[in-house]
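Please take these sequences and the hints and turn them into a complete structure.
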Amino acid sequence: MSREAPESLSGAQIVVRLLERQGIRTLAGIPGGAILPIYDALSASKLIHHVLARHEQGGGFMAQGMARATGRPAVCMASSGPGATNLLTAIADAKLDSIPLVAITGQVPRAMIGTDAFQEVDTYGLSIPITKHNFLVGSAEELLQVIPRAFQIAASGRPGPVLVDIPKDVQNQVVEVAEWPAPGGADPLPPPAADLISRAAEMINGAVRPILYLGGGVVHSGAAAAAVALAEKASLPTVMTLMALGAMPVDHQLSLGMLGMHGARCTNLALDECDLLIAVGARFDDRATGKVAGFCPQAQIVHIDIDPSELDKIKTAHVGIAGDVGAVLQRLLPAVDGARREAWLARVATLKAEHPLRTPGIDDPRTPYGLIRAVADCLDDEATITTDVGQHQMWVAQAYPLRRPRQWLTSGGLGTMGFGMPAAIGAALAEPQRTVVCFSGDGSILMNIQELVTAAEEGVNVKIVLMNNSSLGLVFQQQTLFYGERIYASKFKGMPDFVRVAEGFGVPAIDLDGVSDPRAALAAALSARGPMLIHAGIEMREQVLPMVPPGAANKDMIGG
Amino acid sequence: MNSLTRTENQALARAVLELDVNNHAGVMSHVVGLFSRRAYNVEAILVMPVGNGQTSRIWLLVNEDERLEQMVKQVEKLEDVLAVRRHGAEHEVFIRLEEFFR
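Protein chains in written order, with the numbering used here: chain P, 1 to 560; chain R, 1 to 102.
Quick caveat, the hints were computed from the structure, so don't treat them as lab data. Don't take every hint at face value.
Each computed DSS-like pair below joins lysine-lysine, with the alpha-carbon atoms no more than 27 Å apart [what the hints assert, rightly or not]: (1) Lys95/P to Lys233/P; (2) Lys73/R to Lys352/P; (3) Lys77/R to Lys95/P; (4) Lys313/P to Lys73/R.
Structure follows, in structure tokens:
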């Protein structure tokens with residue numbers, strides 16, 4: 001607590017002051033009746049820049065973009081009722097990907113709660129299963145504990161979203177504030193158990209065919225360098241989940257890239273042969289493991305995770321270590337022997353040579369892989385890449401040369417179409433020096449298209465690469481492969497003119513289909529400052545391959 | 001559960017969970033929500049404040065299945081849950097309550 005001259009402040013003013021004290025300088029949201037006192041107080045803040053989203057879900061994803069790019073909790077705001085319900089998808093998305101978020105919602109006055117008042121909804125009840133924790137604030141005084149606590153919970157241990165629902169009368173309630181609480185930050189964690197570290201080291205030292213399996217927790221923990229160091233010292237071929245891409249540069253000689261449903265065959269086949277799997281900050285998601293019984297069937301498992309409930313959840317670990325993965329890796333590194341593992345690395349090299357990821361058309365910018373490569377050729381590792389959800393997301397995950405942790409922002413667990421563009425806006429707001437590229441599809445972009453005007457208004461350096469195949473591509477692909485080619489409800493009959501749509505929102509746009517030199521057009525578009533939409537037509541029948549059919553084991557891939 | 005005898009209780013392989021929690025509105029929702037989202041039925045619930053009423057104790061009677069260990073870990077993660085203790089079906093808390101359910 002810090003002592004200052006006592007002040008009479010409203011709950012709304014207290015919220016704004018606490019956010020300032022947390023170091024929040026940008027937040028996204030939409031005002032409405034039940035949160036107007038906070039917005040009134042916000043208007044007096046000289047420190048906080050409020051970004052006016054055009055849909056609360058967009059605001060939620062902008063906050064996610066800020067949090068994912070920086071690793072620090074970010075804030076979004078919404079009014080009661082529909083404002084709060086519109087925010088829910090972005091909160092659920094943050095929960096599944098362990099993103100620190102503080103969502104602040106207005107609520108009807110306490111005396112009207114439970115009366116079906118105008119724009120009243122049970123925000124507290126609705127948000128219980130999709131938040132790490134939530135609060136319904138009962139008095140202005142309580143805000144002094146709740147707001148710092150919300151940040152503390154969001155950032156501590158396994159990060160996640162926290163919702164604070166504040167009734168309007170609490171926002172208006174005036175109280176004397178003499179002491180300010182310290183800003184809420186991540187709690188220190190107890191050091192990992194030394195005996196478990198030695199057992200894990202023994203298993204790594206004794207393994208013949210080990211594989212290191214990195215998940216999003218490695219990125220969250222800032223442990224990418226430690227993970228690469230472990231891989232290099234012990235010669236561990238390394239696979240990454242969708243969430244971990246960038247943790248090890250994809251062109252590192254030990255990298256096997258992404259595992260799972262759309263991983264390369266060599267990656268899944270190497271996992272099939274491994275005798276030790278070292279899972280670090282990964283949760284054995286079904287898209288990564290395929291049929292669990294067929295995942296690494298010969299392997300013993302070392303599982304390191306900050307969340308004890310992840311250990312033994314899907315696969316029983318032979319050694320399970322609960323702890324911050326960065327701290328565990330730091331202690332593990334001196335305990336493992338330097339090893340060359342020539343035979344295993346040679347076997348992995350053979351698998352890579354025989355079953356590489358096939359990227360047809362990579363030299364032709366008018367194909368999916370070729371377009372992605374052409375975009376990458378215009379940028380360096382300082383660029384941030386976001387995606388929406390669908391075929392384009394998987395193609396980018398497979399083919400973009402990701403080399404930096406937090407370079408890659410994608411909706412993994414919830415798989416939310418509509419994530420990419422607002423997340424890119426948030427990332428660009430948090431790190432304005434970077435170019436932020438959002439790969440999207442014609443299905444996904446329409447789910448938060450309204451945020452184009454926010455991008456224009458803020459002048460953010462966001463480049464949207466819209467891969468348009470006039471369909472819900474992954475649905476089309478699954479119907480083609482697994483539903484007897486009965487294509488239903490996945491082909492769009494009406495198609496907006498996306499160039500004119502973008503221009504109508506105030507965002508300049510180009511159509512790569514209509515230019516003679518797409519590489520030159522891309523280079524020019526990506527080097528200009530400010531928002532830009534780059535439209536590129538994609539053949540509808542293009543598929544993401546290889547693919548593990550739903551329910552199959554990872555070694556039984558089709559295509560590619 | 002009212003008609004179950006002590007032996008029947010054990011035969012069904014039930015478990016009794018004892019939770020120390022903060023006592024405020026919504027805590028029970030957090031706890032039971034973890035069970036309901038997994039379609040994991042809670043057979044019996046008992047809650048009373050303890051001491052000065054700052055905290056409560058929740059007793060849950062649940063079927064023992066392979067998900068129980070994960071359930072306990074999930075319950076332990078809740079901010080308002082201070083401690084979780086796991087007992088066997090022979091625990092007396094619900095058995096002694098049976099007379100109120102006749």
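Any hints this thing doesn't respect? Which numbers, in order?
1, 2
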